[in-house]
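Peer 1: Listed here are the chains, written in short residue letters.
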Amino acid sequence: MWVQEARLPTAEPELYIPKPARILRVRKLTEYENLFDVAFCDGRLLDHAPGQFVQVSVLGIGECPISICSSPTRPGTFEMCIRRVGSVTNHIHRLGEGDILGIRGPLGHGFDVDELHGKDILIVAGGLGLAPVRSLIQYIIDERSRFGEFHILYGAREPKELLFKNDLTVWRERQDVNLHVTVDRPDEQWRGKAGVVTTLFKELPSLNPSETAAVVVGPPVMFKFVVLEVLSRRIPQSNVYCSLERRMKCGIGKCGHCQANNVYVCIDGPVFKYGQLKAMREAVE
Amino acid sequence: MLDRIIKQSDFMSVVRELSRQRRLVGPVAREDRYFYEVVDEPSKLDLSFNYCVYGPRAFLFPPTETLFTFDQRDGHFEAKPVLDNQPLAFVGVHPCDINAIRLLDHVFAEDHRDEHYLTRRENTLIVGIDCLKPCTEGVFCADMHGNEAKDGFDVMLYRLHEDNDEVVFGVVFGSKAGREWMLYSRACRTPTAMDEREFEEYQRMKAAAFPRRLKTQFEELPALLDRSYDSLLWEATARRCYSCGSCNLSCPTCYCFNIYDEVDMSLDSGARKREWDGCQLEGFAEVAGEHNFRPKTASRLRHRIYRKAKWILEQTGIPGCVGCARCDRACTAKINSVEIYNQLAEEV
Numbered sequence: 001m002w003v004q005e006a007r008l009p010t011a012e013p014e015l016y017i018p019k020p021a022r023i024l025r026v027r028k029l030t031e032y033e034n035l036f037d038v039a040f041c042d043g044r045l046l047d048h049a050p051g052q053f054v055q056v057s058v059l060g061i062g063e064c065p066i067s068i069c070s071s072p073t074r075p076g077t078f079e080m081c082i083r084r085v086g087s088v089t090n091h092i093h094r095l096g097e098g099d100i101l102g103i104r105g106p107l108g109h110g111f112d113v114d115e116l117h118g119k120d121i122l123i124v125a126g127g128l129g130l131a132p133v134r135s136l137i138q139y140i141i142d143e144r145s146r147f148g149e150f151h152i153l154y155g156a157r158e159p160k161e162l163l164f165k166n167d168l169t170v171w172r173e174r175q176d177v178n179l180h181v182t183v184d185r186p187d188e189q190w191r192g193k194a195g196v197v198t199t200l201f202k203e204l205p206s207l208n209p210s211e212t213a214a215v216v217v218g219p220p221v222m223f224k225f226v227v228l229e230v231l232s233r234r235i236p237q238s239n240v241y242c243s244l245e246r247r248m249k250c251g252i253g254k255c256g257h258c259q260a261n262n263v264y265v266c267i268d269g270p271v272f273k274y275g276q277l278k279a280m281r282e283a284v285e
Numbered sequence: 001m002l003d004r005i006i007k008q009s010d011f012m013s014v015v016r017e018l019s020r021q022r023r024l025v026g027p028v029a030r031e032d033r034y035f036y037e038v039v040d041e042p043s044k045l046d047l048s049f050n051y052c053v054y055g056p057r058a059f060l061f062p063p064t065e066t067l068f069t070f071d072q073r074d075g076h077f078e079a080k081p082v083l084d085n086q087p088l089a090f091v092g093v094h095p096c097d098i099n100a101i102r103l104l105d106h107v108f109a110e111d112h113r114d115e116h117y118l119t120r121r122e123n124t125l126i127v128g129i130d131c132l133k134p135c136t137e138g139v140f141c142a143d144m145h146g147n148e149a150k151d152g153f154d155v156m157l158y159r160l161h162e163d164n165d166e167v168v169f170g171v172v173f174g175s176k177a178g179r180e181w182m183l184y185s186r187a188c189r190t191p192t193a194m195d196e197r198e199f200e201e202y203q204r205m206k207a208a209a210f211p212r213r214l215k216t217q218f219e220e221l222p223a224l225l226d227r228s229y230d231s232l233l234w235e236a237t238a239r240r241c242y243s244c245g246s247c248n249l250s251c252p253t254c255y256c257f258n259i260y261d262e263v264d265m266s267l268d269s270g271a272r273k274r275e276w277d278g279c280q281l282e283g284f285a286e287v288a289g290e291h292n293f294r295p296k297t298a299s300r301l302r303h304r305i306y307r308k309a310k311w312i313l314e315q316t317g318i319p320g321c322v323g324c325a326r327c328d329r330a331c332t333a334k335i336n337s338v339e340i341y342n343q344l345a346e347e348v
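Residue numbers (the working numbering), protein chains in the order written: chain X, 1 to 285; chain B, 1 to 348.
Next comes chain B alone, as it looks inside the complex (with noise of 0.2 Å):
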C-alpha cells in the first residue's frame, strides 16, 4: 500500500527544505561511478544512479572516530565522552543498505548499547529509493533477501512511471518523522486506486526482474556451511586470497573495530579513538604473547564467510549479509562468495 505520489521536482523542493536542517548524505556520480558523499546543495544528488561503490554505514560508524578525550595533567584522570548528534538525512539509500544498517542497529544496540553509533543513529533520516531491477551483474541480492526493505527506513520512495520526463514516486513511510516531513510538502497526493494498481504491477517486476544466483536457499545457508567446516575449498579459495581486507572494507554489514589511542604532544592529553578493522588481516585474532587463534588465510576466509552467512543469522535474526556484491567486486583477486556457496552446495 501506497502513502503518497510525488513527482521528482516535489520530491526534490522538501529535499532542499530537508537540507536547511540536516546535513544531506546521497549518491553523487564521480565519472562513471557513484559514492555516498555529504552534499552542501541537493541538486548534486543522483537519485537514478545504479549502485554506490561503498555503502554509508561510514556516516553511522565512521573509518576512524574519537570514543574520548581524556587530560591526565597534574596526575588528574578526565575522560569526556564524544558523541555527534548532527542531524543527517540520507537521500536515496538502496534496500541493501537500508537492510545493512538493520544489522548495524542492532548490533550496536544489542546486550551492551554505543552511544557513539546509536547518536549518530538517531539522529538520522533514511529516505530510501527502491530498485525495479538489479543495480549490475554479480548481486545476489535477492538471494539474500536484501533486496527489499520492509522497515529501517523513514521514507521509501518506488519509481512509478515517468510523467513528461518526470518520474513519478509511490512513497511509503516508514516512520512518523517521515510521514512530517513528506506531508510538509503540499504537492504530494494521496495515491488513487490506479495508483495502488501501478504499484502492483511494479511488485510483480520487479519480483521477475531479479534473477536468483544461490543453488541454496537462503535459510539453508547455516546449514550448508556446518557441513562444510572441513571442505577443501577454503584452503583451495585461500591460495588466491591477499588477505588485504577489501572485502571488509567495501562491506556495508561490516562493523569489527580496533581501539587505540593518540597522544597530544604534551603526553597529558589525547584521545581513544576505533577504526575500522577486518577479520582477514592477518594480526586480526592475535592475542598478546603472538598466539594467534587464525593464523592461516582458509581461516580468516571461512571465518568470514560463516559470519556472512551464519553465525550473525543464528545471533540476530538478521542477515549478515545483503547480497550487494560489492565484496566480490572488491577483491583484488577475483575470490567470488556465489561460487564459494555454489562451490560447497555441489559439494554435499
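Chain X with its partners taken away, still in its complex shape (with noise of 0.2 Å):
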C-alpha cells in the first residue's frame, strides 16, 4: 500500500503493553503516600534518567503516570512515590511485597544531567514536587563531586504531610547538602519553619547565578512565585527547569491527554526549560 512504498521501519509490537514488576518494600510515608520499591521480573533493568516516569498498570483497573523517585546510579530497583487519589493508585495501595504491577518505560525527557555538571544545583520542590525530584537529588548526591554547590528548599501543607522523613534528615546532616523545610501550617510538635516555599529564599547564602542551576517542581499554583523568585536572584532563564504534571493517557505523545499548547508533556517533557514553559501559556495556569 501506500504506506508500504514509503518504508516506514517495522512497528513496535509492545507498545502498549506493561511489563511485570515485582513490589519488593512497601514503605509509608503519609496517611496517603506510600513509597514502592519494584523490580522487574525478568531482570531487566529500568535504566532511566532523573525526571523520567513509567506508565504503572494494575491489570483490570487501568494505568496511570507515575514518577520514579530513585536515582539511575541505585540500579536494580527503583522507587515510585504514588499517592493514593484515584481508582488505580488506592488499588495499588492495597497491594504489598511480592504483588506484581505493570510498567511502561521509562517515558519522557528527564533531566539533562550533563548540562547539569558543573553547577551550583538550587532544588525548590512543593508538596509531591519532591517525588519526581527526588531521583536527581539522589543523582546529586551518588555523584557529588561532579557539582557545586547543593541547596534543596522544600515545602508542605502540613507537617504530616512531609515526604521522605528518612532522607530528609539524611540530607540535613550532610555538610554537602545544604537543606530548608517548611510547612504552612504548623502543628504544635513542628519545630521548624512556617510558611510557604519562597519564604525559604531568605535562607539561601548568595549564589552565582550564572552558575546555579535551579529545578523547580511542584503544583501549578507554586510555579510562578518560585520562578519569580529563582528569577530574582538572577538565575538566567536557561539554568531554570521545571517538571510539569498532566493527565499522561499513552506517555507516547499520540493520545492527546497532556498536551499543553503545542507541547505534548509526556513526550517534550516532563521536565522543561523555563525558557519553553514561558511560550506556553498553559503550561502552569
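None of these hints come from the bench; they were simulated from the model. Honestly, I wouldn't trust all of these hints.
As the list claims (entries may be wrong) - Some chain X residues judged to face chain B by a derived CB distance under 8 Å, without partners named:
#1 Leu15
#2 Ile17
#3 Glu63
#4 Gly76
#5 Gly253
#6 Asn262
Stated by the list, open to error - If you only want the chain X side, here are some residues facing chain B, beta carbon under 8 Å, derived:
#7 Ile61
#8 Pro186
#9 His257
Since the model is a prediction, treat every value here as computed from it, not as a measurement. Quick reminder that beta carbons are idealized off the backbone N, C-alpha and C, glycines included.
Using the supplied hints, reconstruct the complex from the two chains, each of which is provided in its own coordinate frame.
Peer 2: Here it is, written out as C-alpha cells:
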C-alpha cells in the first residue's frame, strides 16, 4: 500500500504492553503516600534518567503515570512514591510485597544531567513535587564531586504531609547539602520553619547566578512564585528547569491528554526549561 | 499526467475482483445522506455521493479497540497485543479524507510507532475519487489545501466526462499496489493526447469551482492565531458551546483517545482498550486530584482551533484541518470555524 512504499520501519509490537515488575518493599510515607520499591520480573534494568516517569498498570483497573523517585545511580530496583487519589493508585495501595505491577517505560524527557554537571544546584520542591526531584537529588548526592554547591528548599502544607522524612534527616546531616524545610500550617510539635516555600529563599547564601541551575517542581500554583524568586536571584532563564504534571494516558505522544499548548508533556517533557514554558500559556495555569 | 482511462462499468468489475481479496469500504446512501460503510457487494457503493457524514477514520482507528488482552490467573501476568490485519480497500474517498489519513499516518508513525493503527493502514488500499466542485456549501477545503490529494492514495479517479450515460474516469496511480491492481483489468487504456487535454481542462474548471472562504491564507493562520490568544472571541463563542464534542466526533483528523480496562466476570482476564476522546469534553485535561488544566469552555474551544490550524501544522508540516466543515455541520450550537478565523482576522 501507499505507506509501505514510503518504507516506514516496522511497528513496535509491544508499545502499549506493560512488563511485569514485583513489589519488593512498601514503606508508608504519609497518610496518603506510600513508597514502592520494585524490580522487573525478568531482571531487566529500568535504565532511566532522573525526572523520567513510568506508566504503572494494575490489569483490570487501569494505568496511570508515576514519576520514578530513585536515581539510576542505584540500579537493580526502582522506587515510586504513589499518592492514593484515583482508582489505580488506591488499588496499588492495597498491594504488598511480592505482588505484581505492570510497568511501561521509562518515558519522557528527564533532567539532562550532563548539562547540570559542574554547576551549583538549587532545587525547590513543593508537596508531591519532591517525588520526581528525589531521583535527581539522589543522583547529585551519588555523583557529588561533579556538582558545586547544593541547596534544597522543600515546602509542604502540613508536617504530616512531609515526604521522605528519613531522607530529609540524612540530607540535613550532610555537610555538602544545604537543606531547608518549611510547612504552611505548623502543628504544635513542629519545630521547623513555617510559611510557604518562597519564604525559604532568605535562608540561601548569596548565589553565583550564572553558575547556578534551578530546578522547580511542585503544584501549578507554586511555579509562578518560585520562578519569580529564582529569576530575581538573577539565575538565567536557560538555567531554570521545571517538571510538569499532566494526565498522560498513552505516555507516547498520541492520545492528546497531556498536551499543553503545542507540546506533549509526555514526550517533550515532563522536564522543561523555563524558557520553553513561558511561551506556553497553559503550562502552569 | 494521467496513467490510464477506464469506464465506470469496467472500473466496477475490477472493484468486484478486489472485493474477493479485501473488505470493501465506501460511500453508501442512507436516505438522503451518505456514510462510509463496509459493503459485501460493490453495487452498493454510490460513487456519485456528495459527501459522507463522517470520514473513514473509524476503519483505521476504530471508536473502540482492544490494545491487548490479559490474563492474571494464579499470579500470572500475561498480556498479548491484538492487531487487526484484515485486508481492506477504501473505494471512493474524497481528497479531504485522503489528506486527513495522511495526517493520521504521520502521527501514528512518528516518535513511537502505533502498531494498531499502522497494521490496519498497511493492509488498506485507498482508491480516491476527486471532486470537480465543492461537495456542499460551507466547506473551506480549498483554503486548507484539502481539496487536492497529491499523494496518500493508491489509485485516484478523475471524472472526465460521460460517454453513453457512463462516467469515464481518468486514473492516476499513487503506488505500485494500485498500479498492479488496476492493470489487472484489460479494459483500462492508455491516455491519448486528447485525454490529457481534457484532464488539463478538468484541472482548470476545478480551480475555478472552489471558492475561497477564509480572509487569511492558510499559511498565515498560525501567525493569526499567535496574535489571537487573548481575544474575547473565544469566550464569546464559548457562550454558545455545549462542550458536547460533536466537532471532535465528526472530524476526520481527530485522533485523541482514552485508555481503559475491561474485565471478564472472572476478574482474572480482560482487555485494555482505547476509545475516541474529545478535547472539548470537560474532563479531558483533568489530572488526578481534580485539577483541570482547561476547565473553561473557551480554553477548550481555543485549544481545538489552535490544534487544527497551528500546532499540528507546526509539529508535522501537515495541516491539522482539511476544510471539510464536518465540525461546522455537526455543531449543535452552529459554531462555525470559518466565522471564527474571519472574525479573528478582522480584529487584527
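Peer 1: All hints, please: hold or fail.
Peer 2: Right, here's what the structure says about each hint:
no. : hint   : in the structure
1   : Leu15  : 6 Å, holds
2   : Ile17  : 5 Å, holds
3   : Glu63  : 6 Å, holds
4   : Gly76  : 20 Å, violated
5   : Gly253 : 5 Å, holds
6   : Asn262 : 4 Å, holds
7   : Ile61  : 6 Å, holds
8   : Pro186 : 23 Å, violated
9   : His257 : 7 Å, holds
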